[in-house]
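Asks: Got chain Y sorted already, so can you dock chain H onto it with the hints?
Number of protein chains: 2
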Amino acid sequence: MPEITLDIIQEIAQTTPSKIILLVMDGVGGLPHVRAGKTELETAVTPNLDQLAGKGICGLTEPVAPGITPGSAPGHLALFGYDPVKYTIGRGILEAVGIDFDVRRGDVAARGNFCTVDEAGLVTDRRAGRISDEKCIELCKLLDGQVIDGVKVFVRPVREHRLVVVFRGEGLVPFVTDSDPQRTGMAPLTVKILSPPGEKLAKVANEFLARAKRMLTKHHPANMVLMRGFSQHPDLPTMSDVFKLKPAAIASYPMYRGLAKLVGMDVLKTGKTIDEKIQTLTQNYTNYDFFFVHVKGTDTGGEDGNFEAKVKVIENVDKAIPQITALNPDVIVVAGDHSTPAMLKGHSWHPVPFLLYSKWCRPSKVSKFGESSCAATSFNSLPASQLMLLAMANALKLNKYGA
Amino acid sequence: MPEITLDIIQEIAQTTPSKIILLVMDGVGGLPHVRAGKTELETAVTPNLDQLAGKGICGLTEPVAPGITPGSAPGHLALFGYDPVKYTIGRGILEAVGIDFDVRRGDVAARGNFCTVDEAGLVTDRRAGRISDEKCIELCKLLDGQVIDGVKVFVRPVREHRLVVVFRGEGLVPFVTDSDPQRTGMAPLTVKILSPPGEKLAKVANEFLARAKRMLTKHHPANMVLMRGFSQHPDLPTMSDVFKLKPAAIASYPMYRGLAKLVGMDVLKTGKTIDEKIQTLTQNYTNYDFFFVHVKGTDTGGEDGNFEAKVKVIENVDKAIPQITALNPDVIVVAGDHSTPAMLKGHSWHPVPFLLYSKWCRPSKVSKFGESSCAATSFNSLPASQLMLLAMANALKLNKYGA
Chain Y
52 MPEITLDIIQ EIAQTTPSKI ILLVMDGVGG LPHVRAGKTE LETAVTPNLD
102 QLAGKGICGL TEPVAPGITP GSAPGHLALF GYDPVKYTIG RGILEAVGID
152 FDVRRGDVAA RGNFCTVDEA GLVTDRRAGR ISDEKCIELC KLLDGQVIDG
202 VKVFVRPVRE HRLVVVFRGE GLVPFVTDSD PQRTGMAPLT VKILSPPGEK
252 LAKVANEFLA RAKRMLTKHH PANMVLMRGF SQHPDLPTMS DVFKLKPAAI
302 ASYPMYRGLA KLVGMDVLKT GKTIDEKIQT LTQNYTNYDF FFVHVKGTDT
352 GGEDGNFEAK VKVIENVDKA IPQITALNPD VIVVAGDHST PAMLKGHSWH
402 PVPFLLYSKW CRPSKVSKFG ESSCAATSFN SLPASQLMLL AMANALKLNK
452 YGA
Chain H
52 MPEITLDIIQ EIAQTTPSKI ILLVMDGVGG LPHVRAGKTE LETAVTPNLD
102 QLAGKGICGL TEPVAPGITP GSAPGHLALF GYDPVKYTIG RGILEAVGID
152 FDVRRGDVAA RGNFCTVDEA GLVTDRRAGR ISDEKCIELC KLLDGQVIDG
202 VKVFVRPVRE HRLVVVFRGE GLVPFVTDSD PQRTGMAPLT VKILSPPGEK
252 LAKVANEFLA RAKRMLTKHH PANMVLMRGF SQHPDLPTMS DVFKLKPAAI
302 ASYPMYRGLA KLVGMDVLKT GKTIDEKIQT LTQNYTNYDF FFVHVKGTDT
352 GGEDGNFEAK VKVIENVDKA IPQITALNPD VIVVAGDHST PAMLKGHSWH
402 PVPFLLYSKW CRPSKVSKFG ESSCAATSFN SLPASQLMLL AMANALKLNK
452 YGA
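Keeping their order, the protein sequence lines are chains Y and H. Read in order, the letters of the first sequence correspond to residues 52 to 454 in this note's numbering. Read in order, the letters of the second sequence correspond to residues 52 to 454 in this note's numbering.
Any given hint could turn out to be false.
Said to hold, decoys possible - Restricting the straight-line Cα-Cα distance to at most 27 angstroms, the calculated cross-link-like pairs of lysine-lysine (DSSO-like) are:
1. Y/396 x H/295
2. Y/243 x Y/203
3. H/416 x Y/416
4. Y/243 x H/451
If you're looking for bench data, these hints aren't it; they were derived computationally from the structure.
Same shape as in the complex, but just chain Y:
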């Protein structure tokens, strides 16, 4: 298949008054329940989604490639129209931007966890018993603001046990390994260089961790810090540059807000519930021509192995659909960044159902929005990054390619 690069899109994209709503149900793709034989989406009662599916095109997206299980960043980048292999974003940067930290060029950000270590120094709980947000804020203040070898260290709370560490100074290159062993029963790892330019950062990070251990001694269960995903700003072309859109993000979870910011979306203040998000959408509807609305609950249900909880979240989203269609947008896309089957309790490689409604569709004539029906359409293996092109086309925002 010929590759449509962002350069080509930039040439043919045009600004028009038409509006696109991209509703992402995080991790919506599932696997059939062992007894009932239906997936979460197929089990959910979704009259509104089914009706929209029936009028639009349906199919399955391939977020990265067959067999590849995407993390949240590549999963979303693809939905925003970016090749998720060509454009990559480090976890640390994503988390830092997600809490509105003003990341500058040259900064290195890492994602952190407060954790519990025993007397032998071995990790016994990677999440420090999920301490409260308040405790997290208190401990971050304790560690924040140190200067190590001329490098200023910012320590910022995210939520519960999670934090962000940003190193600001000359000559920092994130070619280093994680300190997070990713399992209990092991000691936190020393940060090691992956290549010589990482030396200064490794030294500073290890000194920071040594100091953190001393400073946190009396704060059991949060008596140590783990860090991973050291990274710098990816400097992506923005959606305004590429797609000529004025895009807004409606998401409550920091990582997705951060990701949206990295592709140049305005990140709107909103609440955690789908109703609060729809309210934000309605209030801001005239100010933008592209809306990314993010629903986290589907992924959480899947990660927890809670089939029923995931079904419930999908049914709640379905109830909100009439409020979206009432806005009469030109294009509505309902999609997922990856599958998170409750049966697997985690992200998976399975293709993800999507629907795209506009008045210019050649309808797929699907009667129920679900994995099996989507697999039976002609869009059963659409590279997720091409869904944005279909949305743009259906909004009549793409000029002819070539003379």
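Replies: Leaving out everything else, chain H in the frame of chain Y:
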């Protein structure tokens, strides 16, 4: 579709105790019989394959690209997870490695045939009446060990009329044409250079052929040699490096053994029948986590235009399936390297049916394993090199890609 390079796979692959069996029915894809309207696979009675297909995912692989008829090497490389256009292997090298010849860097290998030429020097039988293995050994000894312009020439028997010629010396570059005219009624071709660095090799090869003609005069029907596929060692990354697997090959035919060796598989001693191969699989089951089991008969039946023979081989394979499932592997893949429709008497470009069974499948709900049913699934055009990624994913051997 984003390109998943071997580097990316190497980053996310992990060693686990789970086991993958890749059963390749060479050339399994077919075309409908002119009268009965069903392909070889659809005609065969295959209750066991059908049952496995029903529980797993099914589809068609595209070995190289639409319309491209693959040789055995690209067909298999793709199934092993290697892009068959990026990674190429010469026929000569393949044959040399397949007979356990110790190919060294700088050597050039060619595949050879003993053939029959008439008094005018025209080829009357490209296979010299398929002389016996004994005769082949005798004639290879006759030609072996010559030194031409400082280049040592190794001549080794393969089977029947087939041999390998390896040239060892300074400055040999395989940028030369074949001497095999690929049809009767023509004289053997002079080896010509494709570009100047091939000059020395062309000179030595032509001198070798001239000598061979003299030395074989009295050995009718094997009174001449044809050569093709001049090539050097491809130096591929191994499956252990890339996929973190401990792979074993169970194949009796030299070329496939050679190919397996080139990607770093242990090539196990086995017999020619499917039962002997399953026995080898069972005996070595605990020692490896990936098994490539090769069945040649399907391709032979196809090449011979013998529809019924190909059907029989498929039915024999089907009878062996319970012995494979009894081992309880985590992933079973049944696939083909290309199609060899009996109606075409040769390899063809048609996509190839596959099935993949694991407990993490979203089943394709196919009731009969065949071309038509596979074409009706969502995996109806899977690049063959991505089948390995699906196998790895279903064996839970791939970590998440990206944060």
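Asks: Does each hint fit the structure? Answer for all of them.
Replies: So, going through the hints one by one against the coordinates:
A threshold of 27 angstroms between alpha carbons decides the hint, and for residue 396 of chain Y with residue 295 of chain H the separation of about 24 angstroms falls inside it, so the pair holds. Straight-line distance between C-alpha atoms of residue 243 of chain Y and residue 203 of chain Y comes to about 20 angstroms, which keeps the hinted pair within the 27 angstroms bound. Between residue 416 of chain H and residue 416 of chain Y the alpha-carbon distance is near 20 angstroms, which keeps this suggested pair within the 27 angstroms criterion. The suggested pairing of residue 243 of chain Y with residue 451 of chain H holds, with an alpha-carbon distance near 22 angstroms, which does not exceed 27 angstroms.
Checked against the numbered hints listed earlier, the structure breaks none of them; every hint is satisfied.
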